[in-house]
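For the sequence shown, this note's numbering gives the first residue as 147, with consecutive numbering after it.
It is possible that part of the hints are untrue.
FRET-style restraints, in silico, Cβ to Cβ [as the list claims (entries may be wrong)]:
| id | residue 1 | residue 2 | range |
| --- | --- | --- | --- |
| 1 | Ala246 | Arg312 | 46 to 52 angstroms |
| 2 | Ala246 | Asp284 | 27 to 33 angstroms |
| 3 | Asp303 | Pro172 | 47 to 53 angstroms |
| 4 | Pro207 | Glu290 | 21 to 27 angstroms |
| 5 | Arg283 | Glu171 | 41 to 47 angstroms |
| 6 | Leu279 | Ala173 | 40 to 46 angstroms |
| 7 | Ala227 | Ala294 | 55 to 61 angstroms |
| 8 | Ala246 | Val304 | 17 to 23 angstroms |
| 9 | Glu300 | Glu211 | 36 to 42 angstroms |
| 10 | Arg312 | Gly190 | 31 to 37 angstroms |
| 11 | Glu193 | Arg305 | 21 to 27 angstroms |
| 12 | Val304 | Glu211 | 25 to 31 angstroms |
| 13 | Asp174 | Arg283 | 35 to 41 angstroms |
If you're looking for bench data, these hints aren't it; they were derived computationally from the structure.
Please read these numbers as outputs of a predicted model, since none were measured by experiment.
Where a beta carbon is used, it is the ideal one built from N, C-alpha and C, also for glycine.
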Amino acid sequence: CCLMLDRSEQEAIVQYQRGECVAVEPADVADAKHAIGRLHRMGGRWEAAARSYHEAHSLQPESAEFEQDLLFAQAKVHLLAGQPREAAAALERGFALAEAAWRPHFARELAHATGLAGDFEGTARHYAIALSLGGVRDHATVGEALSALAAHHEQADVRLAAGFLRASIRMTAHNHTALDVCTSWVDN
147 CCLMLDRSEQ EAIVQYQRGE CVAVEPADVA DAKHAIGRLH RMGGRWEAAA
197 RSYHEAHSLQ PESAEFEQDL LFAQAKVHLL AGQPREAAAA LERGFALAEA
247 AWRPHFAREL AHATGLAGDF EGTARHYAIA LSLGGVRDHA TVGEALSALA
297 AHHEQADVRL AAGFLRASIR MTAHNHTALD VCTSWVDN
């Protein structure tokens, strides 16, 4: 822990690896692997985090915390690989079992993944949840995210891009809820 506080991340990883080598109990090995996964997550190394979390979870499959962290890391790997549907599936499972502190993060990432996958209604629903849980700062932030999704879909699906853009304008200018915006877009 001290090494993590000092931001000597690589040294902390080495120490946890040493700890897992001398650990006697599988639970201690799992804890060390989980801690290594956390360090990789903090450094934005999602593939390494997912591997470490997978190893920890395989040693303690009953641990909801380990599964939650594994699903979040796997989703990030899928997003970075351009696989938003797979990311959304992992995030849906993770959101269902996430502890309260993690639910806002899952909701925000799930909104993003469903948006990239072209699921406008899912995006609106999950942004509404993220807003209610504090995972997104305010309606303007959601408007900015919807605008980015409009730009993302512009080449492939003009109608979908236009829907995200209209939703962005409504969220930002009129402080509508994400679900109100979704309903008005689907009705048009």
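Right, here's what the structure says about each hint:
{"no.": "1", "hint": "Ala246 <-> Arg312: 46 to 52 angstroms", "in the structure": "violated, 33 angstroms"}
{"no.": "2", "hint": "Ala246 <-> Asp284: 27 to 33 angstroms", "in the structure": "violated, 21 angstroms"}
{"no.": "3", "hint": "Asp303 <-> Pro172: 47 to 53 angstroms", "in the structure": "holds, 48 angstroms"}
{"no.": "4", "hint": "Pro207 <-> Glu290: 21 to 27 angstroms", "in the structure": "violated, 39 angstroms"}
{"no.": "5", "hint": "Arg283 <-> Glu171: 41 to 47 angstroms", "in the structure": "holds, 42 angstroms"}
{"no.": "6", "hint": "Leu279 <-> Ala173: 40 to 46 angstroms", "in the structure": "violated, 31 angstroms"}
{"no.": "7", "hint": "Ala227 <-> Ala294: 55 to 61 angstroms", "in the structure": "violated, 19 angstroms"}
{"no.": "8", "hint": "Ala246 <-> Val304: 17 to 23 angstroms", "in the structure": "violated, 40 angstroms"}
{"no.": "9", "hint": "Glu300 <-> Glu211: 36 to 42 angstroms", "in the structure": "holds, 39 angstroms"}
{"no.": "10", "hint": "Arg312 <-> Gly190: 31 to 37 angstroms", "in the structure": "holds, 33 angstroms"}
{"no.": "11", "hint": "Glu193 <-> Arg305: 21 to 27 angstroms", "in the structure": "violated, 35 angstroms"}
{"no.": "12", "hint": "Val304 <-> Glu211: 25 to 31 angstroms", "in the structure": "violated, 43 angstroms"}
{"no.": "13", "hint": "Asp174 <-> Arg283: 35 to 41 angstroms", "in the structure": "holds, 39 angstroms"}
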